[in-house]
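Asks: UniProt numbering puts the first residue of the sequence shown at 1, with every later residue one more than the last.
Simulated from the structure, these hints should not be mistaken for laboratory data. We treat Cβ as the ideally placed atom computed from N, Cα and C, and that holds for glycine. A portion of the hints provided could be inaccurate.
As the list claims (entries may be wrong) - Using C-beta positions, here's what the derived DEER-type ranges look like: (1) A241 <-> E280: 23 to 29 Å; (2) A241 <-> G405: 31 to 37 Å; (3) S219 <-> R244: 18 to 24 Å; (4) T429 <-> R244: 26 to 32 Å; (5) P444 <-> L240: 24 to 30 Å; (6) A241 <-> V187: 47 to 53 Å; (7) S219 <-> D327: 20 to 26 Å; (8) H200 <-> A255: 33 to 39 Å; (9) R39 <-> A167: 40 to 46 Å; (10) G438 <-> P166: 24 to 30 Å; (11) D314 <-> T345: 17 to 23 Å.
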Amino acid sequence: MPKQIILAAHFPGVNNTTVWSDPASGSHIDFASFVHLARTAERGRFDFFFLAEGLRLREQRGRIHDLDVVGRPDTLTVLAALAAVTTHLGLAGTLNTTFREPYELARQLATLDHLSAGRAAWNVVTTSDAFTGENFRRGGYLDRSLRYQRAAEFVRVARRLWESWPADAIVGDRADGRYVREADPGVFAHHGDQFDIAGHFTVPRSPQLHPVILQAGDSPEGREFAASSADAIFSRHGTLAEGREFYRDVKARLARYGRTPDELKIIPGATFVLGDTDAEAQERAHHIRRQQVSPQTAILLLEQLWNRDLSGYDPDGPLPVEDPDVDAATISRGRAGMYPDPVGTARRWRALAREKGLGIRDLVIEVTGRQSFVGTPQRVAEQMDHFVQSDAADGFILVPHLTPGGLDEFVDRVVPLLQERGVFRTEYTGTTLREHLGLRAARPVTRVGAA
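Kindly generate the complete structure, drawing on both the sequences and the hints.
Replies: Encoded structure:
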């Protein structure tokens, strides 16, 4: 039997994938936009809807970054509201472990799992920078080297809290007037390096026991964290060869934790452009990339590498001859660390610009990514299927360039072809997100009340 493809829909907000200026683009705040994308994904029998999170607006040269001006609504609030207008679609949110507390977040996720009848998922992320931390009481108190240690302990504590109510805790005996079996359901205690808490958890065991855990780190620490704790990991590796290597590496780490390869799903983000012919799709893709990288955006993105004010440069002109300023304080706050070797990267970009005769804007378009799947619906379905059957991924998180209607064409034209190939469901066969993803039911992993 061929592998079944996992599909998720990403609501990206405003970023360098979104074309917010297109006349077909709608609001990124209005609830109707979230409803449209979620219902389209559910109509297409997608596994889950994914919402990212931003805890602070990015700044560049002391101004709010143009790609962040819309901001981001609160993730959990939106997902809870979507639980009421969907019936099967999983609801996944990026939620930070650095500036939250385990009791608070575990309670919110357990509540979402109850409200959605077992469709909640948590994308575990970390933040170590003081810039984001300024929005919070403790500021940037956490050293970067400790962020995954805190995240790992955070997840362990959350699991302990979710398991603190026994499965048979609620009796509901009206005749005896006894609601719970024991006098102290939800009792917990944890004493660790990052957290020292004890008390009673207020939310009974939820339908999935553990909401699905997602993780997005690509560093060695991130891969190891995913292998030890996650149900799925996002990947940014877009080529077949890179995808296969990432797939092999991450799956090979699972045995160290007593896990099998099917217990961790690998799901890269992906974009798509469709056309009635391959040539038409390529032409559309070229047009979309130029919408995504406007002249102003090209300069902003170049500044993030050069760490200099390049506002006086011609977007169609040559790249700067001087090297990036690696000694000055970063002019881009909230997107630090994108280029580990700025000087080496700049030299490679200059060489590519000379080789292909590219100005700044065309060079930025060339090096900052392109659509993952471009072609007719038949070709896109074939490419996606090949990617999954070749063990380069278990599925994809689709990031449309238009909000909220950018997924409609994919659902109408590509999903039926994947169904015909026998690699994607025609109907939901389960009710929980774990069932959609082919994950086994979560099993308790901690001892109630243990430290």
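Asks: Given the hint of 18 to 24 Å, is the C-beta distance from S219 to R244 inside that range or not?
Replies: Hint holds: Cβ distance 19 Å, inside 18 to 24 Å.
Asks: Do the beta carbons of G438 and P166 sit within 24 to 30 Å of each other?
Replies: 27 Å, holds
Asks: Quick check on a hinted range of 24 to 30 Å for P444 and L240, using CB atoms only.
Replies: Violated, at about 39 Å.
Asks: That 17 to 23 Å hint for D314 and T345 (C-beta), does it hold up?
Replies: Between D314 and T345, where Cβ atoms are some 21 Å apart, the hint holds.
Asks: For H200 and A255, compare the CB-CB distance with the range 33 to 39 Å and indicate the outcome.
Replies: 37 Å, holds
Asks: Do the Cβ positions of A241 and G405 conform to the proposed distance bound of 31 to 37 Å?
Replies: 33 Å, holds
Asks: Hint says 20 to 26 Å; check whether the CB-CB distance for S219 and D327 agrees.
Replies: 25 Å, holds
Asks: Using the Cβ atoms, figure out if R39 sits within 40 to 46 Å of A167.
Replies: Since R39 and A167 have Cβ atoms about 33 Å apart, the given range 40 to 46 Å is violated.
Asks: Should the hint that A241 and E280 are 23 to 29 Å apart at their CB atoms be regarded as holding?
Replies: 28 Å, holds
Asks: Taking 26 to 32 Å as the hint, is the beta-carbon distance of T429 and R244 inside that range?
Replies: Holds, since T429 and R244 (Cβ atoms, about 29 Å apart) stay within the stated range.
Asks: Using the Cβ atoms, figure out if A241 sits within 47 to 53 Å of V187.
Replies: Holds, at about 51 Å.
The structure fails to meet hints 5, 9 from the earlier list, while all remaining hints are met.
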